[in-house]
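There are 2 protein chains.
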Amino acid sequence: MIIDRNSPIPKYFQLQTWLIEQIEMGVFNANDKIPTEQEFKNLTGLARATIRQAIQNLVSMGYLLRKRRLGTFVIDQRREKQHQTNIGLMIPDIRMGNAPELARGVEDEAARTQHSLILCSTDDLYVKADFHANRLINSSISGVIFIPTAASDDKNYQIIEKFMRRNILVVLADRSLPQIDIDYVTTDNFEGAYRQTEYLIKKGHTRIGIVISTTFNTMRLRLEGYKKALADYNISVNASIIITDSLPYSEERYMHYVTDLLKQRDKMTAIFAGHDRIALLFYSAAKKMGLSIPDDISIVGYDDLPLMTIKLTTTHQPFYEMGQESMRLILRRIRGESGSPQQIVLKSFFVERSSVLQVGK
Amino acid sequence: MIIDRNSPIPKYFQLQTWLIEQIEMGVFNANDKIPTEQEFKNLTGLARATIRQAIQNLVSMGYLLRKRRLGTFVIDQRREKQHQTNIGLMIPDIRMGNAPELARGVEDEAARTQHSLILCSTDDLYVKADFHANRLINSSISGVIFIPTAASDDKNYQIIEKFMRRNILVVLADRSLPQIDIDYVTTDNFEGAYRQTEYLIKKGHTRIGIVISTTFNTMRLRLEGYKKALADYNISVNASIIITDSLPYSEERYMHYVTDLLKQRDKMTAIFAGHDRIALLFYSAAKKMGLSIPDDISIVGYDDLPLMTIKLTTTHQPFYEMGQESMRLILRRIRGESGSPQQIVLKSFFVERSSVLQVGK
DNA sequence: AATTTTATATTGTATAGACAAATATACAAT
DNA sequence: ATTGTATATTTGTCTATACAATATAAAATT
Numbered sequence: 007m008i009i010d011r012n013s014p015i016p017k018y019f020q021l022q023t024w025l026i027e028q029i030e031m032g033v034f035n036a037n038d039k040i041p042t043e044q045e046f047k048n049l050t051g052l053a054r055a056t057i058r059q060a061i062q063n064l065v066s067m068g069y070l071l072r073k074r075r076l077g078t079f080v081i082d083q084r085r086e087k088q089h090q091t092n093i094g095l096m097i098p099d100i101r102m103g104n105a106p107e108l109a110r111g112v113e114d115e116a117a118r119t120q121h122s123l124i125l126c127s128t129d130d131l132y133v134k135a136d137f138h139a140n141r142l143i144n145s146s147i148s149g150v151i152f153i154p155t156a157a158s159d160d161k162n163y164q165i166i167e168k169f170m171r172r173n174i175l176v177v178l179a180d181r182s183l184p185q186i187d188i189d190y191v192t193t194d195n196f197e198g199a200y201r202q203t204e205y206l207i208k209k210g211h212t213r214i215g216i217v218i219s220t221t222f223n224t225m226r227l228r229l230e231g232y233k234k235a236l237a238d239y240n241i242s243v244n245a246s247i248i249i250t251d252s253l254p255y256s257e258e259r260y261m262h263y264v265t266d267l268l269k270q271r272d273k274m275t276a277i278f279a280g281h282d283r284i285a286l287l288f289y290s291a292a293k294k295m296g297l298s299i300p301d302d303i304s305i306v307g308y309d310d311l312p313l314m315t316i317k318l319t320t321t322h323q324p325f326y327e328m329g330q331e332s333m334r335l336i337l338r339r340i341r342g343e344s345g346s347p348q349q350i351v352l353k354s355f356f357v358e359r360s361s362v363l364q365v366g367k
Numbered sequence: 007m008i009i010d011r012n013s014p015i016p017k018y019f020q021l022q023t024w025l026i027e028q029i030e031m032g033v034f035n036a037n038d039k040i041p042t043e044q045e046f047k048n049l050t051g052l053a054r055a056t057i058r059q060a061i062q063n064l065v066s067m068g069y070l071l072r073k074r075r076l077g078t079f080v081i082d083q084r085r086e087k088q089h090q091t092n093i094g095l096m097i098p099d100i101r102m103g104n105a106p107e108l109a110r111g112v113e114d115e116a117a118r119t120q121h122s123l124i125l126c127s128t129d130d131l132y133v134k135a136d137f138h139a140n141r142l143i144n145s146s147i148s149g150v151i152f153i154p155t156a157a158s159d160d161k162n163y164q165i166i167e168k169f170m171r172r173n174i175l176v177v178l179a180d181r182s183l184p185q186i187d188i189d190y191v192t193t194d195n196f197e198g199a200y201r202q203t204e205y206l207i208k209k210g211h212t213r214i215g216i217v218i219s220t221t222f223n224t225m226r227l228r229l230e231g232y233k234k235a236l237a238d239y240n241i242s243v244n245a246s247i248i249i250t251d252s253l254p255y256s257e258e259r260y261m262h263y264v265t266d267l268l269k270q271r272d273k274m275t276a277i278f279a280g281h282d283r284i285a286l287l288f289y290s291a292a293k294k295m296g297l298s299i300p301d302d303i304s305i306v307g308y309d310d311l312p313l314m315t316i317k318l319t320t321t322h323q324p325f326y327e328m329g330q331e332s333m334r335l336i337l338r339r340i341r342g343e344s345g346s347p348q349q350i351v352l353k354s355f356f357v358e359r360s361s362v363l364q365v366g367k
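Respectively, the protein sequence lines represent chains L and Z.
Its first residue numbered 7, the first sequence is counted upward by one per residue in our numbering.
Its first residue numbered 7, the second sequence is counted upward by one per residue in our numbering.
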């Protein structure tokens, strides 16, 4: 029985709740015709006005659509969801590195499909990410592109779950997380680093230092690529010229590493800088120490920041495309494409400029 | 009489329309109590259920609030608007120059007050700005921070009017427009350029070239500042070393200007580059021509892009603060602060590095 | 002075019934 | 083949009535 006549809960409300349940449980599906008022009258014994009250409420709540003479129909909620046109982008800092490239990729792809991009900078902090997540949830977004913060994996999972519990689609960009099966888009950091190290080896370098952070798996993969290339060419790894750091990047700290490494430059002929900003520190430090790049030491970077005046050999990561692909992935999910989580790995490409010297031969 | 009993328009609908009119005309103001159902019954002669139907509709439309025993009240629409928490930012390109700084300033200020920032890149084109404007209007924003495009003033007015017609607040940032009295935030481009030119003069330079675009009034003001400084120090202006261009910036075209000017370097000892990107072109071109900065020629830029390795003397514009101030201005307007349009001019500051040589003496 | 009760105004819930409007369908007329 | 007409069905509009729930204010009680 639908209606409990002894309950203190209003009858129209009982009927209304029952109807929502049926719709959400899929008993009444999208576009199904629900019983007519007369049928409900026979079914529940309520007055027609009471039944109308319940149905009217659901109409103004967006569950139902009434058509004269034809009946009352369930509205396709999924289709309605498509009309939510906001997408969140949670990025460490829009001012940092290639963040603007990525944001623009997302934005262009979003605009093409009439979606708006809400920008949130997390500063790589869990608290800020959580704060923004709550705000985004309130402004009813249909999906979010999330670049995990520098906080623990657990904290990042918490953020992701918060969205998922509310049926907000999540795509990770750039950085992925272990032990979570979710859509993500990244670049081939391992391959890129391998290719770049191989290039140094082919240029005659065998003693190659590296300075890299291990905060994110993207960075760890670069380190792995570097090690694998050395191993494949039977070059033994010298732990004293591998400098890693698990803390978030800071210019001062890395300036120390860079200077230290340059002081031991008899140990090596080339250096793999974990990213272009570290490479730039090498340029600054080298200048101070009266060294020339590439004559005294060869440097490669990673990221391909737009540096204009410095001819740094590096690997270009397609951040604009990463933004595009992330957005496209979300759009496919919004359109209802199901299937197991997708991992999209974009090709980066090596950019040879003039920061590496041919040695030997 | 409120209700026309002979009209084919439903009576509940007549009452409903009448009520909306009264509210919008201010007969019933925010928080006013409207007549009770009983009073309406006496007033209109309709059945209570009919009156209820009209009122109920207005409740679900967000006009009215009912309180048991107390009556029915008009909802404060302005207050409701405050709960619209989206702000648009229409910027030429998030990847360009200091756009990320500005965006972050807006974002931080927005987040503090629980507002979300919707990012729109216009590429300085009217069509894209119009496209985004339409989208923003649909996603019901309460305000927009607009950086006028490179299109004609008229076209920019059209965009602004589109927002204003819909009671969406508009604040211009960085660039202002002539003949329109509207809130805007900018920096002291005239003063900044004057200060910088004065610095060159005090360093002993009298023959000072300039390469600058005249697309935006910010740039024109810099040109004015430069001219005023020369005039104040009784230095006659040499038109052949003033290169202006009214088209949007393009690297190739400006590379030509830069190279041309360097070829005539016997005519001058210093150059004012309209912005840092132009200054960088001077570095590139000088390198190619075997010239050294500042030994062969002194350069000053404008903007203070984060260049890391190049020690360019320039003027720093507080873009982050510009974003903050723009957002604060919108917030004050949202909160209902009226009064004539405000023009906020932020102080920029001169940054002396080492791209200028002392000459003479 | 503080607390409890009571009265009362107002919206909330519910029923019963009547007629109107719209529209899909079938059928008839042209 | 098109147009018009009738019919049944379903939602839409409207009236009349009754009692419930609730919050305020006034009154009564402690």
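In case anyone wonders, no lab produced these hints; they're calculated from the structure.
Mixed in with the good hints, there may be bad ones.
Stated by the list, open to error - So these bits of chain Z aren't anywhere near chain L, every CB distance computed over 12 Å: (1) 59; (2) 134; (3) 166; (4) 183; (5) 295; (6) 339.
Unchecked claim - Cβ-Cβ distance ranges computed for the label pairs, FRET-style: (7) Z:54 to L:24: 35 to 45 Å; (8) Z:234 to L:273: 54 to 64 Å; (9) L:342 to Z:48: 30 to 40 Å; (10) Z:146 to L:137: 14 to 24 Å.
It should be emphasised that the depicted structure is a prediction, and the values quoted were computed from it without experimental measurement.
For glycine and all other residues, C-beta sits at the position ideal for the given N, C-alpha and C.
Each hint, compared with the structure:
no., hint, result
1, 59, "9 Å, violated"
2, 134, "8 Å, violated"
3, 166, "20 Å, holds"
4, 183, "24 Å, holds"
5, 295, "14 Å, holds"
6, 339, "20 Å, holds"
7, Z:54 to L:24: 35 to 45 Å, "28 Å, violated"
8, Z:234 to L:273: 54 to 64 Å, "58 Å, holds"
9, L:342 to Z:48: 30 to 40 Å, "54 Å, violated"
10, Z:146 to L:137: 14 to 24 Å, "23 Å, holds"
Of the hints listed earlier, those the structure fails to meet are numbers 1, 2, 7, 9, in rising order.
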